[in-house]
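Protein chains: 2
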Amino acid sequence: MNILVTGGAGFIGSHLADALLATGHHVTALDDLSCGRASNIAHLRAHPRFQFIRLDVCDEKGLCDVFARDSFATVFHMAANSDIQAGPRQLNLDLNRTFLTTFAVLRCMKQHGTASLVFASTSAVYGEMEGPMREDAGPLFPISFYGAAKLASEAFISAWVANCGIQAWILRFPNVVGERSTHGVVHDFINRLTADPKRLTILGDGRQCKPYLYVKDLIDGMLFVWQGAKDRLNYFNLGVNSDTTVRRIAEIVVEKMRLSNVEFSFTGGDRGWTGDVPRFKYELSKVHQLGWQARRTSDEAIRLAVQAELTYRGGQT
Amino acid sequence: MNILVTGGAGFIGSHLADALLATGHHVTALDDLSCGRASNIAHLRAHPRFQFIRLDVCDEKGLCDVFARDSFATVFHMAANSDIQAGPRQLNLDLNRTFLTTFAVLRCMKQHGTASLVFASTSAVYGEMEGPMREDAGPLFPISFYGAAKLASEAFISAWVANCGIQAWILRFPNVVGERSTHGVVHDFINRLTADPKRLTILGDGRQCKPYLYVKDLIDGMLFVWQGAKDRLNYFNLGVNSDTTVRRIAEIVVEKMRLSNVEFSFTGGDRGWTGDVPRFKYELSKVHQLGWQARRTSDEAIRLAVQAELTYRGGQT
Numbered sequence: 001m002n003i004l005v006t007g008g009a010g011f012i013g014s015h016l017a018d019a020l021l022a023t024g025h026h027v028t029a030l031d032d033l034s035c036g037r038a039s040n041i042a043h044l045r046a047h048p049r050f051q052f053i054r055l056d057v058c059d060e061k062g063l064c065d066v067f068a069r070d071s072f073a074t075v076f077h078m079a080a081n082s083d084i085q086a087g088p089r090q091l092n093l094d095l096n097r098t099f100l101t102t103f104a105v106l107r108c109m110k111q112h113g114t115a116s117l118v119f120a121s122t123s124a125v126y127g128e129m130e131g132p133m134r135e136d137a138g139p140l141f142p143i144s145f146y147g148a149a150k151l152a153s154e155a156f157i158s159a160w161v162a163n164c165g166i167q168a169w170i171l172r173f174p175n176v177v178g179e180r181s182t183h184g185v186v187h188d189f190i191n192r193l194t195a196d197p198k199r200l201t202i203l204g205d206g207r208q209c210k211p212y213l214y215v216k217d218l219i220d221g222m223l224f225v226w227q228g229a230k231d232r233l234n235y236f237n238l239g240v241n242s243d244t245t246v247r248r249i250a251e252i253v254v255e256k257m258r259l260s261n262v263e264f265s266f267t268g269g270d271r272g273w274t275g276d277v278p279r280f281k282y283e284l285s286k287v288h289q290l291g292w293q294a295r296r297t298s299d300e301a302i303r304l305a306v307q308a309e310l311t312y313r314g315g316q317t
Numbered sequence: 001m002n003i004l005v006t007g008g009a010g011f012i013g014s015h016l017a018d019a020l021l022a023t024g025h026h027v028t029a030l031d032d033l034s035c036g037r038a039s040n041i042a043h044l045r046a047h048p049r050f051q052f053i054r055l056d057v058c059d060e061k062g063l064c065d066v067f068a069r070d071s072f073a074t075v076f077h078m079a080a081n082s083d084i085q086a087g088p089r090q091l092n093l094d095l096n097r098t099f100l101t102t103f104a105v106l107r108c109m110k111q112h113g114t115a116s117l118v119f120a121s122t123s124a125v126y127g128e129m130e131g132p133m134r135e136d137a138g139p140l141f142p143i144s145f146y147g148a149a150k151l152a153s154e155a156f157i158s159a160w161v162a163n164c165g166i167q168a169w170i171l172r173f174p175n176v177v178g179e180r181s182t183h184g185v186v187h188d189f190i191n192r193l194t195a196d197p198k199r200l201t202i203l204g205d206g207r208q209c210k211p212y213l214y215v216k217d218l219i220d221g222m223l224f225v226w227q228g229a230k231d232r233l234n235y236f237n238l239g240v241n242s243d244t245t246v247r248r249i250a251e252i253v254v255e256k257m258r259l260s261n262v263e264f265s266f267t268g269g270d271r272g273w274t275g276d277v278p279r280f281k282y283e284l285s286k287v288h289q290l291g292w293q294a295r296r297t298s299d300e301a302i303r304l305a306v307q308a309e310l311t312y313r314g315g316q317t
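Those sequence lines, one after another, are chains A and B.
First residue of the first sequence: 1, per the numbering used here; consecutive thereafter.
First residue of the second sequence: 1, per the numbering used here; consecutive thereafter.
Chain A on its own, in the form it takes in the complex (with noise of 0.2 Å):
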């Protein structure tokens, strides 16, 4: 099948090109490399069936001129700011490269009678929810600009299901760690305690706590949902049913870096910063009942994104 995937050179979406080409798709990654990197697929510059096209995704003219030259069966729209923390601060970008990338991209599919469409939402949709997050609850009303863009995102997608004749899969991601990752608290613990190996300060304090989804497991868990959900629009939650306290992740970061006696300290309040969501928990029945589940726990895919970021600084020195 050819498969288009924007944002093909990010953290997930170069990790989705790699699945989707081991299972025999020819794929064309778009990306403008402001979030993603050439480095997370340099290995797949020769591949036959692999093509990486340098795009700003929001350039609607360019995104067609793509369109017209192949002919995709699937989009996976993956493109999207992925720092979270930087929208209050910028307040367009959200709005440009998390919900008008959507846009442009159904704009093209259905120039271009592209039929299928699989999003990478997010946890974010359903803000501060009170009780379970399960797919369909409401109210959804997100507290992050990111979340306010993928539920912006979530509602042309319906429409364009609805009016259009597009099939559609919305896959709410929940925290995702692993290789090629660039945000996080992850990141930001190895830099803190790169930079003063005695003291740590951590956000918060430290007891807010999320289920953290291994990379590897979300792809296995999109690709599964894609080829076995078969309404015209499709929503799971993805995600694994631990979770993590910030404090743990602290702990293993430390363990990791074989450093000893540092010392934690918290700046207090529940939340690490304004947009956060302090603690959350996916219902996971509807995907579970597909026949899906994550393999690694959130602690284990915690230690695996420590493990790979470390690595992959001792591979950068």
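These are computed hints drawn from the structure, not numbers from a lab.
This one's a predicted model, so the numbers in the text were calculated from it and none came from an experiment.
Warning: the hint list may mix true and false statements.
From the derived model, a few chain A residues whose C-beta atoms are all more than 10 Å from chain B [said to hold, decoys possible]:
| # | residue |
| --- | --- |
| 1 | R45 |
| 2 | K61 |
| 3 | T74 |
| 4 | D83 |
Listed next, the in silico DSSO-like pairs over lysine-lysine satisfying Cα-Cα at most 30 Å (straight line) [as the list claims (entries may be wrong)]:
| # | chain 1 | residue 1 | chain 2 | residue 2 |
| --- | --- | --- | --- | --- |
| 5 | A | K230 | A | K286 |
| 6 | A | K281 | A | K230 |
| 7 | B | K110 | B | K230 |
| 8 | A | K230 | B | K281 |
| 9 | B | K61 | A | K61 |
| 10 | B | K198 | B | K230 |
| 11 | A | K230 | A | K216 |
| 12 | A | K110 | A | K61 |
| 13 | A | K198 | A | K256 |
| 14 | B | K281 | A | K286 |
| 15 | B | K286 | A | K281 |
| 16 | B | K230 | A | K281 |
| 17 | B | K256 | B | K198 |
| 18 | B | K198 | B | K281 |
| 19 | A | K110 | A | K230 |
Backbone N, C-alpha and C fix where the C-beta goes; we use that ideal spot for every residue, glycine too.
Following the hints, position chain B against chain A.
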């Protein structure tokens, strides 16, 4: 209080301006007169607490100039594409006029320190929901571009409340009818019966059934909730507990036009057009508990609307 009403020459916006002036506020009405009509506010032109500025709310530079000249305590953001059926034909229409107007308003509010926003949302955010539409129900999968753009607006308003310290009232309107309306089933039927008083084509099977709220009841409800609800983010369905079938609307129009022996024919199917939600039931206990109920039933609202439109057309000829 100094209040900005976007879409202030529109069907609902102009009634809102009337009501806000009647309770002593200063009102600046913005409208590009694409959906709104100068005649809707002609009676206000000489009012000492009213000013009208012709402006496309998407013109963020122009909008910020308006914010810079006056200090607004509250914005009522009513500007939107009101022709829902036009959405699928012009894919950017609801993006630009229904969603990006909201984004422009939010940006200007932040830039100029305006602290509160009342937003005209819609039942269309719920899509084709099974069971009654409660404010906290999900999932939210709109089937119209209009509904998608309103949900996208809600999402960013929610993020703005969480990150930028504003207070907001999201009010989800049902079908609203009455004086100064320019679209909808009442207009369509009057148009068709004026062209041919012997037969009336009715889209769908005529059993589409919705609550119709009289515009003056809506305005009353809006102001009641704005005054009475005190959360940072307030969200309410506004509606009426009765409803009216499309066939019943046809009968009321025929009766008010003093026609007889009109032959009804139905195009068939369960809905008027793709993107139409053929029947819905609002759950209204939240607004009832706050202390507000609509005065007129849905049938009474339709009767008032038909009479108003016939009177308007009589005055035009």
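- Item | Hints violated by the structure (numbers, ascending) | 10, 18
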